[in-house]
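Participant: Each chain is listed here by its residues.
Protein chains: 2
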Amino acid sequence: MSVIGVLRETARGERRVALTPDVARRLSDRGLKILVETGAGGLSFFADEDYTGAAVVARDEVYAGSDVLLCLRRPDDLAAARPGQILIGLLGLDPLDGDGVTGISLDLLPRTLSRAQAMDALTSQANVAGYKAALIAAEACPGFFPMLMTAAGTTRPARVLVLGAGVAGLQAIATARRLGAQVTGYDVRDAARADIASTGAAVLDLASPRAEADSGYARGLTADEAGDQMRALTEAVPRFDVVITTAKVPGAAAPLLVPEAALAAMRPGSVVVDLAPGNVAGSMAGARTLLGNDVTVIGAPDLAATVPVAASTAYARNLLALLDHLMPHGEAVLDLDDEITRAVLLRDREGARS
Amino acid sequence: MSVIGVLRETARGERRVALTPDVARRLSDRGLKILVETGAGGLSFFADEDYTGAAVVARDEVYAGSDVLLCLRRPDDLAAARPGQILIGLLGLDPLDGDGVTGISLDLLPRTLSRAQAMDALTSQANVAGYKAALIAAEACPGFFPMLMTAAGTTRPARVLVLGAGVAGLQAIATARRLGAQVTGYDVRDAARADIASTGAAVLDLASPRAEADSGYARGLTADEAGDQMRALTEAVPRFDVVITTAKVPGAAAPLLVPEAALAAMRPGSVVVDLAPGNVAGSMAGARTLLGNDVTVIGAPDLAATVPVAASTAYARNLLALLDHLMPHGEAVLDLDDEITRAVLLRDREGARS
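Going down the list, the sequences are from chains A and B.
Numbered per this note's numbering, the first sequence spans residues 2 to 355.
Numbered per this note's numbering, the second sequence spans residues 2 to 355.
Please note that the accuracy of each hint is not assured.
Simulated DEER-style distance windows between Cβ atoms [unchecked claim]:
#1 B/Gly201 x A/Glu236: 38 to 44 Å
#2 A/Asp23 x B/Gly201: 26 to 32 Å
#3 B/Asp23 x A/Arg116: 40 to 46 Å
#4 A/Leu292 x B/Met285: 48 to 54 Å
#5 A/Glu236 x B/Asp108: 43 to 49 Å
Honestly, the hints are just simulated from the structure, not real lab data.
All residues carry an ideal CB built from backbone N, CA and C; glycine is no exception.
Work out the full structure: start from the sequences and follow the hints.
Facilitator: So, in structure tokens, the structure goes:
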């Protein structure tokens, strides 16, 4: 049976851990040996002693002793890895630097396959991010999200616009609606517009481009389409108290949806939360900016890391499903005839495994 | 007709304003003259030019020209007031220092009178505070409030305990429930327990004191009762992921409900939000403390001021109802035969108007 190692995340602001004690125990019950780096779960409030059934060891021992290494983000000390090791995480799309290390990136998962859904970490983490985006927006909003009826009168609910209705956008819509806001969603994809409508939210219809790629993701817009969209959004955005942006295009920069002119036209006290930096003019990752016209812009690309128990729990379950699929007999031998396994392998420019 | 002056709030962290542009206009439509201090609405995102129908002037001109002065918190420059002026606000219970100034404190409103309810600023502000408390708790919580069902499994909802089920507590319960948490409430008053149950939340029953005073407020507990309650709560509190405390006793210090032993027994990642500092051992107003066992304690006594548009809007409507009652003909002459008017007057120790 293989040895599974869990690396502590080292990126700034990263509070998640790839494996929770619960999932570590389940793997260990299957006969796998688990090595967890000291302190790996600390920022997710999982103590070393919670990892019963695993050995808690130093980082170099995790590197030295594991057949499979688990992480969220690509480690910056991959030189410590051994040839033949398999590294699994949200590793992006680029080949690994590590000599002879096999990279398996959950960013490459074929998400439309139904048997891959339990492994879909992009979805689980976007779900957490969308939830937190709505909370942050509500917390920063100087008014109520819900309609409030009191003896002295009624206040209207906050008007919230969510741009981009993928997983994060839909969860932001659902959470803002739970809080009682009046929510409108927007997406360039017809299928996503239908998803917005199914939540009960209003759909912003801009007579603007339809831009669904075959993958189900949005495609990039032409310059003309993007210009039309931006002009239409510039007119629509100032009608809202809160705007949450989540629009990404795979393999490309996030499109600019809320330009300076739109921000300038918003009412004082309005709040913009940007989950896909690039969507909002001037938004900076991790920064809360109060513009001259009293509009707050919050750049928040990594929100899943700020709800670390929920995010780590979901991620660890995704890894459990992936490991069950990759290594049904507990041996770290990849079956390259398998569609999912082939898809998630990081390759170099020549198409070879990195 | 009288002149109504609006003072800018000067306390640190105070972002509310006593009168919104909307209510200022309504008073002005009734023939009253309104003086608003420059920048009074700024931190509530109401600009000076929004106050159409009012004159925006310097603070000394507000003091010099007004028959009635409106505020939230007691101003610290009351020496500038003129004898015969009436000051209206949440002024507390102590007599005013100002020479010959009549104080009308909304803290003294007879809240059980149904015709006083539209004037009830304690209720409207507590409502805002309870809403914000639930948001802050959700934002600080490392897990989800709602139950989450995904392809990779289900997570249980957060368990939230709200101590004290007055207006703030009930709104915190309602908001946490909106977000999908599993909420339990606790109060020493039978009527408040019934209110908790009516929201659909569970009621924590401690076989502990029943302590409702004739006023409808909680009475202070005897030392024995308080000890029993604290022991029972110390056992109950660690079962929850989030605790929100709102228990106040009029005219007395807030009771200690969550002692150090309870905090020490909570799980890592738990969150405590204390709206009534004194309820939680070691909580400090305005501070977020991470204890050694990874429990976060947030001391938040003035949350209404952090949702300034909602809080100011509600407060201004309360003042409108109060002014309509105190000055039905627009003249600042108090009718001391009126039950409400008599009740809200601040008096000195001899019972004379302060």
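Participant: Are any of the numbered hints broken by this structure? If so, which, sorted upward?
Facilitator: 3, 4
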